[in-house]
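J.: Those letters in the sequence shown? Residues -22 to -1, 1 to 167, by mature numbering (1 follows the signal peptide of the UniProt record, and there is no 0).
Warning: the hint list may mix true and false statements.
Taking lysine to aspartate or glutamate and the EDC-like style, the derived pairs with C-alpha atoms no more than 20 Å apart in a straight line are [said to hold, decoys possible]:
| # | residue 1 | residue 2 |
| --- | --- | --- |
| 1 | K120 | E90 |
| 2 | K120 | D86 |
| 3 | K120 | D134 |
| 4 | K131 | E41 |
| 5 | K58 | D27 |
| 6 | K83 | D112 |
| 7 | K164 | D27 |
| 8 | K18 | E57 |
| 9 | K58 | E21 |
| 10 | K18 | E54 |
These are computed hints drawn from the structure, not numbers from a lab.
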Amino acid sequence: MKWAALFILSPFLIFSSGKSWGTVTPENITYAVSEFGADKMMEVLRKSDTQWYTVIAGIARGEEPWLNLVPLIGAEADEKQTGDVMTALSFALVSNPLTTLQIAKRLDARAEQGIYALGRFGTEIVCGVPMTLDYTRASTLKYYSQVRQSLEKTGDKGAACLALITSSMEEIESEERRENMTWGAKTWP
């Protein structure tokens, strides 16, 4: 059955070096993971910056279908991909805090089970302002202002994350006062 599905979908889904597998959508990725495994899916995404950027951009926008991919593919993410996903999840807190927090809790549970070899997934990372080393001071402060407002609207559900973000920002501000803070060059949004 799998080979028949692969044959039928081969114009859209090709798992060979240097070739595209069609439009990158949450549905296509979910299907590919179910049929061929997350390891094969992540291998394909590692070969195409454009396809990987599509995944990360969907997560960063807080779109639920993209957010739901994170637990599905996270165990196979390499170190760079893990960093990209955690930063994207942090950005998703601005537009879709409740779903993003639910995904982060699912990651926490899976991390406790030892599913993530890199151990860099979960609420503490998502709510810890992981963007600061890569982004400008102005972008980081803008992000903090917007994410704080989003999390405040969630009430108790976002309180723990808000506390982590606030603590991280206080530490960043302290480092800056001591002139130990080095800002990146990327801008957000």
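J.: Is K131 within 20 Å of E41, Cα to Cα?
T.: This hinted pair holds, its Cα atoms lying about 18 Å apart.
J.: Hey, K83 versus D112, does the alpha-carbon distance stay inside 20 Å?
T.: violated (25 Å)
J.: Can you confirm whether the C-alpha distance between K18 and E57 stays at or below 20 Å?
T.: Holds - the C-alpha atoms of E57 and K18 are around 17 Å apart, at most 20 Å.
J.: Does D134 sit within 20 Å of K120, going by the straight-line distance between their CA atoms?
T.: violated (23 Å)
J.: Take the C-alpha atoms of K120 and D86, compute the straight-line distance between them, and say whether it is at most 20 Å.
T.: Measuring from Cα to Cα gives roughly 27 Å; hence the hint is violated.
J.: Would you mind confirming whether the straight-line C-alpha gap from K18 to E54 stays at or under 20 Å?
T.: holds (9 Å)
J.: Starting from K164, check that the Cα of D27 is at most 20 Å away, please.
T.: holds (17 Å)
J.: Taking 20 Å as the top limit, are the C-alpha atoms of K58 and E21 close enough?
T.: Cα-Cα ~13 Å, so holds.
J.: Tell me if the straight-line CA distance from K58 to D27 falls inside 20 Å.
T.: This hinted pair holds, its Cα atoms lying about 12 Å apart.
J.: Please verify whether K120 and E90 have alpha carbons no more than 20 Å apart.
T.: Violated, at about 33 Å.
The structure fails to meet hints 1, 2, 3 and 6 from the earlier list, while all remaining hints are met.
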